[in-house]
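J.: Residue-level listing of the chains:
Protein chains: 2
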Amino acid sequence: MNFKPFYPPVRTLMGPGPSDVHPRVLSAMARPTIGHLDPAFVSMMDEVKMMLQQAMLTSNPLTMPVSAPGSAGMETCFANLIEPGDKVVVCQNGVFGGRMKENVERMGGVPILISDDWGRAVDPDKVEAALRAHPGVKALAFVHAETSTGACSDVNTLTRLARHYDCLSIVDAVTSLGGIELRVDDWQIDAVYSGSQKCLSCPPGLSPVSFSERAVAAIKSRRSRIPSWFLDLTLVMGYWGSGAKRTYHHTAPVNTLYGLHEALVMLHEEGLEQAWRRHRHYHRALRAGLEAMGLRFVVPETERLPQLNAIHIPEGIDDVTVRGLLLQDYQLEIGAGLGVMAGKVWRIGLMGQACNRRNVLLCLAALEDVLSRVQARIERGGAIPAALVALGQAG
Amino acid sequence: MNFKPFYPPVRTLMGPGPSDVHPRVLSAMARPTIGHLDPAFVSMMDEVKMMLQQAMLTSNPLTMPVSAPGSAGMETCFANLIEPGDKVVVCQNGVFGGRMKENVERMGGVPILISDDWGRAVDPDKVEAALRAHPGVKALAFVHAETSTGACSDVNTLTRLARHYDCLSIVDAVTSLGGIELRVDDWQIDAVYSGSQKCLSCPPGLSPVSFSERAVAAIKSRRSRIPSWFLDLTLVMGYWGSGAKRTYHHTAPVNTLYGLHEALVMLHEEGLEQAWRRHRHYHRALRAGLEAMGLRFVVPETERLPQLNAIHIPEGIDDVTVRGLLLQDYQLEIGAGLGVMAGKVWRIGLMGQACNRRNVLLCLAALEDVLSRVQARIERGGAIPAALVALGQAG
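These protein sequence lines map, in sequence, to chains F and X.
The working numbering applies: residue 1 is where the first sequence begins, and numbers increase by one.
The working numbering applies: residue 396 is where the second sequence begins, and numbers increase by one.
Each hint should be verified, as a subset may be incorrect.
Unchecked claim - For the chain F half of the interface with chain X, some residues (derived, Cβ under 8 Å), not all of them:
1) P5
2) R11
3) A28
4) H36
5) M51
6) H261
7) E333
Note that these hints are calculated values from the structure, not bench results.
From the three backbone atoms N, C-alpha and C, an ideal C-beta is built for every residue, glycine too.
So here's chain F without its partners, still in its complex pose:
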């Protein structure tokens, strides 16, 4: 077997993430690797922490990127905060609420599940009823921006309930950070995790997290050991903490951190609120075009995320064929439906660098062309080429 260098196709990434990565960030990824304890690297880490605090609107000292993708950031929150027997109210309105429930169970916690329809925001009334019915809940866990459906939940209302019932809040901000309003301090979020590959437009591989003083106190007063060495924050902080001397814990993903640093510099240059405005602006443009084509959104307008647009697949149209043609003819990736929505919806991402005028127009034009060709083929009774089915596995 002969192996050769891999040159990826140049796609436009309008799925649920990874999103398009700017050439500045790609070029940062290729800068020379240096030691993970090099003084120059340690200074860069300090800047990453400061810029993450700004992007999350928090002054939490325990703010840093976990050295692994978003699901490891989720696990960092649950592994450090939840102990065997702890009751956790988990809100499920899509795939990622379900993953939170899994995390609670893996830590030996007891999930109390609140279900909302997929495509809807978390209902605060149900949450309050659950918190009232179950005294002594340790934490309330929910997803801010549900990537599987495109629904946005009201963080501030939910964290206020958490405080009222004296429990911690754990918030999934994987798809919200950098794309929509997220105010960790103002909303008094206790633990929050995100991902590098959504609205921050980095390659995947890092999960920014932040913990409030209350959360840190909970970690320090644990009764049991954290069932992970790699994610144990009391150890990780020796490396990511303050001061000139950093203690070796694990080897940080040096070049991916170069990428995150550059992406955060770019966010800093644009301004956080301007980035939020840009996401709203191009979402409106995309929405106008999609609705003009007769496509319907999954999520009611007031609960919709600008950066993740889930639309119903029109009656009679095959999911895989359309996504295969978009990839083949336009190098355009849009997302498939996840879980109960597989085959029924498409998810069009407008995240970070992918959220721009050119992409909106490309997506609308490509979708219109492909849908009309698929429609014409259906009318002729033609079959779907196998190659397209293979391509359509993406997303």
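The hints should help you fit chain X onto chain F, whose structure is shown.
T.: For chain X alone, coordinates are given in the frame of chain F:
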């Protein structure tokens, strides 16, 4: 606060890893990001798996890179194989054996610790005595190439003992893969983990792992749930498994995998045995030079790793000053001592791309110059500049 792009200094990395990354690999890191379910990406994943199997000399189907650094690879092995109450014989002859013991404890297992002197190989006689004394041990865990001391243990003898006493073997090959002989199938290793940033010369962030049929059977017959969702191999395999259709588990670190792919192509081009020979060859050259300077190795010759050369810091010489000057004047990073060896030894890496004639000569010349200047300063009674102390924190 004004944030600017970060341009790292161009170092020569002769510490314990990360090692020098070849420009081909850096440039692969900067190729356009594509979706983690894109058919083009899935083909590349298949090649990464095949090349890892070749580099590890295994036909284990469950061979792949974990999406996080080496310590997460270690945790993947212990989290999947060790259940509460399981007895594990853990060999400690340096820092990383100690970390294995921590992992066993975090999983609720019962470590049976075998200690050898730091700087020596694991003693098979002690291991056999422990296995004889403790019937029903679930696994024997040890480090092949101890990065903290430079000692090489005899994997084949140790795994033979594991089989004889009917227990699984878990082998840390973080620093051995690609640098010295490692034969996963011939030596019948059950679980092995490595790192991307040592002799494979990739940026850190991935941990290649491989599991034998026996290990897979042990995972499938677990009595308890794996206390990690992110590292649960029964789920991860849905994404890294065979066949055209991959199931979304987590978002893989796309660009870091481009880097690993390119590094494995380069290893494939050179040939695995030639890479082993190259490591031995330049180790001998470095050794000759170091000994000519009167420097003494920590590890006896027959137990020495070629890729990690631990030497005693000469009497009266300050560790931090020397490493600070090497970094300042030569952009050369060598490693500090870890744990009980901090301040007492230096660790000079000759790993992967860093293992070449130019680096050997640079290291010897730089060390000779710096040592003679430090010696002269001591004789004059001069103080150490603070800037050097800061630089010397690296490694």
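J.: With a cut-off of 8 Å, does the beta carbon of E333 (chain F) approach a beta carbon of chain X closely enough for the hint to hold?
T.: holds (5 Å)
J.: Can you verify the interface hint for P5 (chain F): is its Cβ closer than 8 Å to any Cβ in chain X?
T.: holds (6 Å)
J.: Quick check on the hint: H261 (chain F) CB to chain X CB, less than 8 Å?
T.: With Cβ-Cβ at 5 Å, under 8 Å, it holds.
J.: Hint validation: M51 (chain F) versus chain X, beta carbon distance must be below 8 Å. Holds or violated?
T.: holds (6 Å)
J.: Should the interface hint for A28 (chain F) be scored as holding, given a Cβ-Cβ cut-off of 8 Å against chain X?
T.: holds (7 Å)
J.: Against chain X, with CB atoms and a cut of 8 Å, does the hint on H36 (chain F) hold up?
T.: holds (7 Å)
J.: Under the criterion of a CB-CB separation shorter than 8 Å, is R11 (chain F) in contact with chain X as hinted?
T.: Constraint on R11 (chain F) satisfied, holds at 5 Å.
Checked against the numbered hints above, the structure violates none of them.
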